[in-house]
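Residues per chain, in single letters:
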Amino acid sequence: MLRLPRLKYLRPKTARDAARMATELGPRAMFVAGGTDLFPKLKRRQFDIDTLIGLDFLSRAIRNGSDECSIGAGATLATASRDGHLNARYAGYAQAAGLVSSPPLRNAGTIGGNLCVDTRCNYYDMTYEWRKAAGFCLKKDGDICLVAPSSPRCWAVSSSDTAPMAIALDGVAILAGPDGDRELPVRDLYRDDGIDYLAKQPSEVLTGVRLRAVAKTRSAYVKLRRRGSIDFPIAGAAVAAELDGDTVVRCRIVLSAVASHPLEATAAEDFLKGRTISTDTIREAAEMAAKPAKPLDNADLSHFWRKRMVRVVVEQALAQATTSTGGSVVKLSGL
Amino acid sequence: MKREVSRDVERVVLTLDVNGEKRDLLVPSHKTLLEVLREDMQLTGTKHGCELGECGTCTVLVDGKPHLSCLVLPIQLEGRSITTIEGMAHGSELHPLQVAFAELGAAQCGYCTPGILLSARSLLEENPRPSRDEIREALAGNLCRCTGYIKILEAVELAAGRML
Amino acid sequence: MRESPHPALRADLPRERGGELRVVGKALPKVDSAAKVTGRAIYADDMLPARTLHCRILRSPHPHARILSIDTSAARRIPGVQAVITGIDLPIKFGILPVTQDERALEHEKVRYVGDPIAAVAATDEEIAAAACDAIEVEYQVLDPVMSIEAALAEPKDERIQDYGGPNNVHKFVALEFGDVDDGFARADKVREDVFFFQGNTHLPMEQHSAIATYVDGRVTLWSSTQVVHYVHRALSKVLELPMHRIRVIGAAHGGGFGGKTDPFAHEIIVSKLAMLTGRPVKCTLTREEVFYAHRGRHPVLMWVRTGATKDGRITAMHFRSALDGGAYGSYGVASTFYTGALQTVTYDIPAYRFEGCRVFTNKPPCGPKRGHGTPQPRFALEVHLEKLAGDLGLDGVELKRRNFVRPNTRTVNWLRVTSCGLEECTERVMEASGYRTRARRPGHGMGFAISSYLSGAGTAIYWNDMPHSEVQIKVDRGGVTVYCGAMDIGQGSDSVLATIVAEELGLQPSDIRLVTADTDTTPIDLGSYSSRVTFMAGNAALEAGRKMRAMLVEAAAAKMGRDAASVSVTDGRVGDFTFEEASVLAEARFGTLTSAGSYTPPKIAGPYKGSGVGPSPAYSYSACVVDLDADARTGLVNVNKIWIAHDVGRAINPLLVEGQVEGSVYMGLGEALMEEQVFRNGLHKWPSMLEYKSPTFLDMPDVETFIVETLDPEGPYGAKEAGQGPLLPVPPAVSLALHDALGVWIDEIPATPEKIVEALRRKDKGEPPRYGPAHFPAIAYPPVIKVQPPPRDS
Ligand SMILES: Cc1cc2nc3c(=O)[nH]c(=O)nc-3n(C[C@H](O)[C@H](O)[C@H](O)COP(=O)(O)OP(=O)(O)OC[C@H]3O[C@@H](n4cnc5c(N)ncnc54)[C@H](O)[C@@H]3O)c2cc1C
Ligand code: SF4
Ligand code: FES
Ligand code: FES
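Residue numbers (our numbering), protein chains in the order written: chain A, 1 to 335; chain B, 1001 to 1164; chain C, 2001 to 2795.
Just so you know, the hints here were simulated from the structure itself, not pulled from any lab data. Be careful, since some hints might not be right.
[Claimed, not checked] Here are the simulated EDC-like cross-link-like pairs (lysine to aspartate or glutamate), alpha carbons at most 20 Å apart as the crow flies: (1) B/K1002 x A/D141; (2) A/K294 x A/D196; (3) C/K2026 x B/D1063; (4) C/K2604 x C/E2588; (5) B/K1002 x A/D50.
[To be verified] If the Cβ cut is set under 10 Å, some of the chain A residues that face chain B in the computed set are: (6) K8; (7) Y9; (8) P27; (9) M30; (10) D48; (11) I195.
For every residue, glycine included, the Cβ atom is placed at its ideal position computed from N, Cα and C.
Based on the sequences and whatever the hints tell you, model everything.
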């Protein structure tokens, strides 16, 4: 049976304490919330650490304001996916949380952990023995990228389902450091780098996220994966649209699993602004949104096919968020 | 890197509430609930198929909700109540789900069965009359390679009907 | 063609029961169901006796390499390490087939796939054992890996993978011809050729293989999650150089096999050896990744088929070629190769048939028997091919197939004896229930139909011997009945079948019967749970033992009652005027210890040619299936709406178990058809995990409507045949045919992933042949065919 390495488990009482412990211990320690991302990786020896800093103190509360909703980083994905207010006002976010992996995993996995989830690559998310046989790669213990050997960087894929949605909903991350708190738009939480994928300090604890949406905002998340459950996204589109009748006032489109960070489809957003929603505009916008997506051969199914599919997920998410019928939907989650 | 085991093992004393019984334990802090249940508490009814959160075989209930015991440390669960398959029957009286699974042949090799029974129990507590699609959704984290799921769905429906 | 064949029963029913069966045919719970729903069943990994040592195995990181040196000294120095062994400690080769004894528990000369075992450590805890494996230094001379069928057929760059077989990396050739094939083609109005590929896939049992051994008083005892205690017993005896009576193999509760636990495995031998060395219990449970390396799953098979037919759709001749990617070792491969050619004639009446098969070695985990062993691949090819042939002739595919259905009580051109056959009835059932002919199709909506057949146990044993294939003993004592049999219940319910048959004969309920099974010390032999043989073979043995026991009870009761034995009824827990318990006391007083035994040896029905041992079975099951799906032309995504399947099981000893086997088979077939595949990249398994190897979830499985068709086989126990494998076979072709119905493209390669569907549609749009599949079949230098005179046409 795969087991964890020998670890100490620290139990700070506050985020400040946790951040201080992390500062002191440096790279030997990592935070753990639900553990659903970290534990499999530790069992596969993808990190060398000797200490876990438990984040059991994190708030699990979901609080609603008029144009804002704040979610404690400790809230589980299951809670978020079922929350009445989230479903009414931030439907895409609840959908995204509810599409992460499987029901038992969502009972443990947290919103905070989902925003900080490690990037993925099928040369990297493998056991120590497998990686040793394949040759270690840049992201862990090696010095080349096995997917793009001529490239100096790592192309591991951002695979969070909720991060693109949080960005589309103008989310703000609340971070606690050893010396104080700060706020950071969720879009600035990520870097385009498979290894150093988070822009926050390693010692900073994410304590919550605030989503913003005016009353007219409608959002939707569409996820592509092979099976109806368990699987990570192999493409996904988060859309938050503010409409005036049929006219787009503002629309945010963010893609998951097509780059090392959640990919904002700004060209398509600009294109949609002020336009009347129709099948054609949706198609055109989706085309534009898909352009910058560059999937590589390090996730499920061929990257050619995944690239083609980006357009489809964007179209569907746009249709769901902007039309009452939700558009013609191929069941995307699962075959 | 190399696999290494030279580091000291940190042990923790803790009290776990399993199937309504509180047990004091001294266990290495890095042992998962799955390992502690099976190896330190001899509750081997909880099975495992991947230890990576990918199959659902190790499902137990924490405060009535399905959790993957391979991805949680006992230290994270102090004060919460854990239910394993051994705690599903009332004395020698089987839970209606267990009866239905037995009657309909929903357990073939039986290896996925404990996890699926517990997930199903949690579902029925929340939603006593689930539709077939709701059952599918609720059990979608539990893989079974033997049954094709059909008999399992029928057994959950049968038990739900009897429990009303 | 007969509508619903009901040949006379050999297993004729006792008169006094009015021909009525009391427990056979009833949907009763499995005898082990309580143990399984309570978590009480003890699987091998659940055992943890005091002082158990944990074993981990160091495996090759190279697909192909010579081992120059192995240094275990650093590993031995790690505190907690109790023993380290390498190939020097276990040099004797073994293998499931006598002709391919090519495996070592640990290799010290050469490794042949990533995952090949090299050294093993026993330590006080599993992580210490893993760290010790990591500390073992192995020096390799890396060799060019051979990763495809084409590469294996070509001259190796460095050296051959195995030092037998050949030329190049060919393992086995088969070339047989039955009847005059050229003449058949000459008589045909249309001759068509097609090429297909069926990708390899694996069993993925939920339980990872596990074995635990002790060594006490000079005897090894091994508990293992195996399907075949007897074959493990033989391999252990050979490699450990211990007589069989000093080894005991016990089948622990079994967490799923599907053929994947039908070989003796390295870890079973390793823990036994380590227990002998340390004097402590030693356990090894494979990690999920290692299960992918143990494999023995579905062979990837390239196929070429050429069929001739008359204008009205009668087949005149068929020529079938297969090329199997066998992986690095023999395993069951010789049999698998024959199986890719054996059963074509068991569904369709083919008057002249030529089969050329070839298995190659590659540097991948060895392939072997997975549910349907060697037959789902040709079944896929054949069913799709015949539909294309029908198109060429302007005929309906289903109609063409029907016109060629094999008839009951015939011999095929390759000498296989067909007895009961419910093909026609199965077909009617699914055609009617699914509305295949009448249902209107939406755009992107399609339905596909396919049939299949499978063995009820292989007619010949794996190693040549004259002994029975299955034996059952019954002991009755104070009314308690215990049945002893070597058969292993792997979840399919074989224990329940034995209990049901004995209960039927003794007028009891299955739950009254105690079972002792799969223990080489205490149970008589059974060859194991594979090739769907247990119900038929162990069932017949149980029937014989049960009848003998019944006769003793009846005789004793009759004597006491002063009546004729023929008038004593045995039913509902009574024997004549007595309770079962009273009768057993009377019988014990009369005969002494009450035991009876039964055994089963299959009839000698193999044809008069070399290689005829693969294919014959005392009876064949039949299935027919319709798949209904929606496919999206833009994305290639597929939604299966529903599957109808009818299965001729002979007789359902327990309909619940039959349905369970059928549904489970359909599930596995659907997984293979749509998503399951073993893929290798740079010599490594691309996704040895349950996340990336896609096994359908609850949300991917459609509703299945199952029809049990009973043809009462003349030789099966109460007429029963098999249910565990046959119903998998028609699913992949039915999916492919439904895709053709939906989108007008041929998917000639399994699994039918969305990218393949999209590519086929792209080709169609460009005016190219609307298909996805292999472009050609490689030129293979098959040896000259051996011509076999077919049996007389009407035997
Ligand atoms: C089989 C499987 C399938 C999965 N499928 C999906 C999927 O479909 N979509 C998806 O998005 N994810 C998926 N995941 C990944 C993961 O389970 C989820 O992303 C989950 O939300 C992570 O939350 P957690 O609380 O368990 O995180 P943890 O595992 O506890 O932590 C994840 C990472 O974030 C850090 N971290 C956690 N919380 C904080 C915090 N508050 N502040 C700072 N750092 C923090 C940890 O140090 C760690 O590096 C899957 C995982 C598995 C095993
Ligand atoms: S993208 Fe390259 S460097 Fe990054 S994890 Fe994958 S193989 Fe390693
Ligand atoms: S063992 Fe597979 S999810 Fe826990
Ligand atoms: S019953 Fe065997 S895996 Fe579900």
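Quick rundown of the hints versus the structure:
no.: 1; hint: B/K1002 x A/D141; verdict: holds, 10 Å
no.: 2; hint: A/K294 x A/D196; verdict: holds, 19 Å
no.: 3; hint: C/K2026 x B/D1063; verdict: violated, 40 Å
no.: 4; hint: C/K2604 x C/E2588; verdict: violated, 37 Å
no.: 5; hint: B/K1002 x A/D50; verdict: holds, 14 Å
no.: 6; hint: K8; verdict: holds, 5 Å
no.: 7; hint: Y9; verdict: holds, 5 Å
no.: 8; hint: P27; verdict: violated, 13 Å
no.: 9; hint: M30; verdict: violated, 13 Å
no.: 10; hint: D48; verdict: holds, 6 Å
no.: 11; hint: I195; verdict: violated, 16 Å
In the structure shown, a violation is registered for the earlier hints numbered 3, 4, 8, 9 and 11, in ascending order.
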